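Hey, can you work out the whole structure from these sequences and the hints?
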Amino acid sequence: MVFVPGNKDSEAGVMPPNDLVAKMTAFNAELVKAGVMLAGDGLTPTSQAKRVRFEGGKRTIIDGPFAESKELVAGYWIWQVKSMDEAVEWLKRAPFDGGVEITLRPVFDPVEFGKHLSPEVRAEGERLRAELERQKKS
Amino acid sequence: VIEAAATRAAVDAVWRIESARLIGGLVRIVRDVGLAEDLAQGALVTAIERWPETGIPDNPGAWLMTTAKNRAIDQLRRRKLDERARGEIEDVPAAVFDLEAAIDDDVGDDLLRLMLVACHPVLSSEARVALTLRLLGGLTIDEIARAFLTPSTTIQQRIVRAKRTLTEARVPFDVPRGEELAQRLSSVLEAIYLIFNEGYAATQGDDWTRPELCEEALRLGRILAQLAAEDPEVHALVALMEIQSSRLRARVGLSGEPILLLDQDRSLWDQLLVHRGLAALARAESLKQPLGPYALQAAIAGCHARARTATETDWQRIVALYDALVEMTQSPVVELNRAVAVSMAFGPAAALELVDALLGEPALASYHLLPSVRGDLLAKLGRLEEARRELERAAKLTKNDRERALLLARARACDAQKPS
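Heads up: the sequence lines are chains A and B, in that order.
For what it's worth, the numbering used here labels the leading residue of the first sequence as 1, then goes sequentially.
For what it's worth, the numbering used here labels the leading residue of the second sequence as 1, then goes sequentially.
Simulated from the structure, these hints should not be mistaken for lab results.
All figures in this text were calculated on a predicted structure; none of them were measured in a lab.
Be aware that one or more of the hints could be misleading.
[What the hints assert, rightly or not] Simulated pairs of lysine-lysine, DSS-like, Cα-Cα distance not exceeding 30 Å:
1. B:Lys69 <-> A:Lys92
2. A:Lys82 <-> A:Lys50
3. A:Lys50 <-> A:Lys33
4. B:Lys380 <-> B:Lys399
5. B:Lys69 <-> A:Lys23
6. B:Lys418 <-> B:Lys399
7. B:Lys380 <-> A:Lys33
8. A:Lys33 <-> B:Lys399
9. A:Lys82 <-> A:Lys23
10. B:Lys69 <-> A:Lys82
Pasting the structure below:
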């Protein structure tokens with residue numbers, strides 16, 4: 001998964017210049033043609049975002065915009081590649097500039113994740129699913 | 001040493017991204033798959049030698065192409081010089097000029113041409129699979145050998161022989177259009193689906209699935225869907241593979257045992273792939289009615305994908321889709337699958353009649369799923385002794401260790417159910 005950080009323009013809802021849009025569209029087309037891109041989107045400014053804060057039993061809703069926009073995601077891709085090296089090689093071809101840093105992070109394999117759960121947690125998951133199934137049948 | 005390893009990994013990544021385009025471009029120019037691959041490999045070797053010192057160039061694909069092209073020109077020049085020395089030919093510069101001009105043509109057609117050639121009907125399906133993974137997947141001989149649990153030397157020979165066959169058969173390198181293209185594409189689809197299936201239900205060995213082969217097949221299918229966007233069956237095959245892949249992680253239990261469709265934890269299904277699969281299916285359905293064989297299979301897979309629980313499955317629609325598929329393919333394997341759907345829609349007795357009618361079918365004589373399905377139906381009908389025998393027979397026939405264990409467990413379960 002590839003995370004693109006926000007900046008002043010993305011927060012102000014200013015569209016990138018036309019030539020950058022054209023370059024990004026061409027880059028996306030390359031990804032699709034290579035069978036690499038599974039999904040990808042740009043996100044709206046954090047003025048349209050909300051946060052939910054969890055503390056004890058309390059949930060507090062906080063409205064955007066949020067100040068630390070550079071640490072917030074303004075867009076993402078999901079790529080299917082053979083290795084991190086391949087993902088890096090693709091990312092190097094993206095039309096970014098100006099010192100922006102783009103983060104690549106492998107997605108956890110849920111099966112591997114499942115292996116790390118304790119047997120009790122796994123059994124509880126099984127029980128919940130069986131219960132759901134039962135409720136749907138009745 | 002660390003830096004060299006890092007560069008090597010980066011070179012491999014570049015190769016994975018660029019090799020098919022590179023070989024495709026070279027095939028167009030030199031009109032010989034073997035020579036094109038040699039030139040591309042030569043460029044790769046040069047990159048492996050030089051890049052650790054020079055760093056990876058900004059446009060590595062263009063660098064590889066230029067390097068390969070220069071080698072091609074060198075070789076051609078040398079050959080022409082030899083021929084001239086023997087008084088056979090005069091004009092070196094013109095030939096080189098043509099070569100330069102030929103280089104920046106349409107990349108899409110290059111890849112499509114390469115796929116069509118690698119899957120040409122003169123080749124056996126084994127050869128098509130190996131050549132496709134090699135030329136379009138950018139896999140090494142060892143990777144292909146590991147994926148198919150076959151010795152590297154066998155794969156190597158298979159590829160060498162395939163390239164020789166293509167040269168000897170003087171296979172044309174034009175990209176056909178219309179009906180001829182559809183026919184040639186069907187041979188490509190078959191190879192891609194073979195690769196996928198070997199990953200989805202490994203016919204041999206101790207792993208039930210090999211997801212990396214599924215991913216490779218999907219990648220090839222997605223590439224092809226861009227190259228032949230008007231072909232309904234291409235989108236249908238992609239839909240089928242996306243939907244089946246969505247279940248990969250639900251298909252294997254924590255200790256590696258297979259989990260059958262109706263027993264799977266559907267919350268593990270990858271909804272992104274389901275969504276992509278249903279979108280590709282809609283595309284295929286909009287391009288052609290009545291549905292072709294891959295579209296029918298994708299539609300069946302779609303029925304399962306849409307059912308939130310096994311009990312919500314629309315079995316009657318699945319039976320109807322199988323009816324159409326049986327009529328189209330006349331395949332006993334498909335008839336067997338239809339019988340399974342019939343048992344879910346109309347009960348095991350109706351299904352058993354269909355399965356019994358297949359018992360004399362020579363194509364199914366050593367197919368482990370015939371006694372496996374028959375055993376299940378007999379068990380459902382309470383004929384446990386016969387069921388156990390069928391499941392044990394199925395266990396003897398399968399070559400996959402995980403599947404054998406599952407079949408034997410089901411056979412034992414028949415014994416446990418028997419009133420003592």
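Hints versus structure:
no. : hint                  : verdict
1   : B:Lys69 <-> A:Lys92   : holds (25 Å)
2   : A:Lys82 <-> A:Lys50   : violated (35 Å)
3   : A:Lys50 <-> A:Lys33   : violated (35 Å)
4   : B:Lys380 <-> B:Lys399 : holds (26 Å)
5   : B:Lys69 <-> A:Lys23   : holds (28 Å)
6   : B:Lys418 <-> B:Lys399 : holds (29 Å)
7   : B:Lys380 <-> A:Lys33  : violated (48 Å)
8   : A:Lys33 <-> B:Lys399  : violated (37 Å)
9   : A:Lys82 <-> A:Lys23   : holds (25 Å)
10  : B:Lys69 <-> A:Lys82   : holds (28 Å)
Of the hints listed earlier, those the structure fails to meet are numbers 2, 3, 7, 8, in rising order.
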